[in-house]
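Colleague: Given these sequences and hints, build the entire structure.
The primary structure of each chain is shown beneath.
Protein chains: 2
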Amino acid sequence: MRREEFNGFVGVDIGGQTTRVGTFDRRGQLQVIHFPTEKNFVTECNHIVEAARQLVPQGIKRLGVGSPGPLNWRKKLLIGKSPNLPWVDVDFAQLEKLLGCTVWVDNDANVAGLGEAILGAGKGKRFIAGFTLGTGIGHFQIKNGHIYHGRLDVEAGHQILDPAGPVCGCGQRGCLEAFASAVAIQKLYGVAPHELNDPKTWEQIAFRLAQGLVNAAVFVCPDALILTGGMLARGEMLLEPLRRFYEQMLKVYPPRYRPPILVGELGDKAGVVGAIVLAKVGHAE
Amino acid sequence: MRREEFNGFVGVDIGGQTTRVGTFDRRGQLQVIHFPTEKNFVTECNHIVEAARQLVPQGIKRLGVGSPGPLNWRKKLLIGKSPNLPWVDVDFAQLEKLLGCTVWVDNDANVAGLGEAILGAGKGKRFIAGFTLGTGIGHFQIKNGHIYHGRLDVEAGHQILDPAGPVCGCGQRGCLEAFASAVAIQKLYGVAPHELNDPKTWEQIAFRLAQGLVNAAVFVCPDALILTGGMLARGEMLLEPLRRFYEQMLKVYPPRYRPPILVGELGDKAGVVGAIVLAKVGHAE
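Protein chains in written order, with numbering that gives the first Met the number 0: chain A, 0 to 284; chain B, 0 to 284.
Simulated from the structure, these hints should not be mistaken for lab results. Just so you know, not all the hints are guaranteed correct.
Copies of one chain are not kept apart here, so a pair can be met inside one copy or by any two copies together.
Claimed, not checked - Subject to a maximum C-alpha distance of 25 Å in a straight line, what follows is the list of computed PhoX-like cross-link-like pairs (lysine-lysine):
id, residue 1, residue 2
1, K142, K75
2, K122, K199
3, K124, K268
4, K142, K74
Modeller: Set out below in structure tokens:
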């Protein structure tokens with residue numbers, strides 16, 4: 000899809016600090032208005048509506064929202080309290096009343112993944128699986144242009160790589176997230192990823208991440224794997240051993256069908272771009 | 000779906016020894032004709048056509064075929080030589096010319112999984128993931144009534160449970176199949192599963208299988224997991240420790256959303272029933 004086709008569709012990327020509201024203009028240029036996320040949800044909604052109308056004065060077609068979870072995306076609800084947001088039990092369907100258009104909601108990792116899959120690193124590909132490497136490890140699957148959830152939502156940051164491995168925040172042992180998230184790296188090696196400069200340690204992290212990517216390859220059989228998130232700032236320190244171990248480990252598909260490992264192209268715009276895409280394509284399920 | 004709704008749709012389950020051709024009659028009773036799989040593919044096709052016409056004299060709506068792979072299901076081809084079949088590079092589209100109706104083709108594990116998902120243990124559920132525990136470990140995912148493949152096909156029997164584990168037939172190390180298939184059990188413990196009576200050994204096998212099922216839960220987020228195949232004949236020897244380890248390991252979803260482990264209900268009819276379902280529903284991709 001070309002960016003111009005998203006004109007009139009508005010995306011909202013809600014973060015703990017900043018809310019970004021965006022659209023693509025008629026020439027396909029990304030236009031974004033951002034403001035500090037409001038403590039009061041009603042005020043937040045009013046700011047979103049104001050920004051959306053300013054961006055698309057001719058009439059908003061639909062709105063997409065990416066928000067930290069836990070969400071019930073089918074009912075458009077934030078369930079209880081998100082660790083990163085000041086609100087409790089809020090209903091994004093409020094925005095439908097204020098705007099008079101349909102609103103689609105999903106969690107931030109899925110929405111950023113949708114952005115990368117449709118208008119970023121995965122453009123033109125049909126099946127995408129990916130991981131967001133940050134404080135935790137988010138996971139997304141985009142299939143035929145839509146976010147895949149299953150019954151609740153996929154959670155492959157919590158695939159078990161070693162049942163005797165370190166304890167994860169989720170209560171399991173040996174999750175991918177317990178080996179390779181920023182929090183895990185700090186805990187296991189006593190240093191934050193942006194300060195970690197020992198190639199041997201990065202090899203250990205990359206080895207476990209490679210196992211996780213091989214499993215994503217065999218469970219999803221995607222056209223590509225996409226990695227996003229803050230840890231990608233470490234570049235080849237992580238990526239060189241990751242690609243090497245991944246190629247050594249993945250044998251079950253013939254070489255030309257092994258999904259390549261791609262790095263997200265949209266940076267901190269992935270969330271708002273994905274929310275614009277969500278506004279247009281909605282949910283398939 | 001009720002079984003009566005499949006009247007007129009014919010399924011073919013091709014095995015190394017036996018070919019089964021079946022349909023559901025107007026009262027929803029399964030009717031099957033079987034014959035030894037022919038060495039000559041043209042003769043095989045003629046026998047299939049003959050059996051199909053005998054089962055549905057009023058006119059066949061569509062035909063579904065489950066066959067051992069490697070297949071290109073999109074092109075309806077057997078690629079090269081299957082270890083279990085006497086044919087090389089055969090084209091199932093031949094059957095379309097002989098019958099004058101559409102023919103859908105998929106590999107036997109996917110087709111048996113489709114049968115269990117739609118008319119067996121998974122009836123009424125929307126998202127199913129499962130494993131066939133036999134000589135190897137087959138894997139299937141059924142979503143919204145259709146087989147999911149991704150680019151080629153999912154292969155989660157080859158998820159890596161331990162990158163330093165035993166070498167698998169696929170060339171990888173530590174695959175689920177390298178720990179828990181009948182061939183692996185014979186290799187690792189020197190005894191075939193049907194002769195293995197040591198509960199401690201079954202605990203080890205069940206432990207690895209539980210890790211594989213947790214990973215299926217987080218990658219697919221299904222309504223249920225289905226197990227089929229010869230090893231299920233061992234019943235609680237395998238299932239009791241498997242359910243226990245699975246419950247201990249899987250924590251990331253709230254208890255009532257953890258997919259239950261179900262055992263296939265269709266036995267050796269899963270293949271022909273799944274092929275009848277495939278005839279009706281076809282492929283979504």
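Colleague: Check each numbered hint against the structure and report the violated ones by number, ascending.
Modeller: Going through the list in order, the structure violates hint 2 alone and respects the others.
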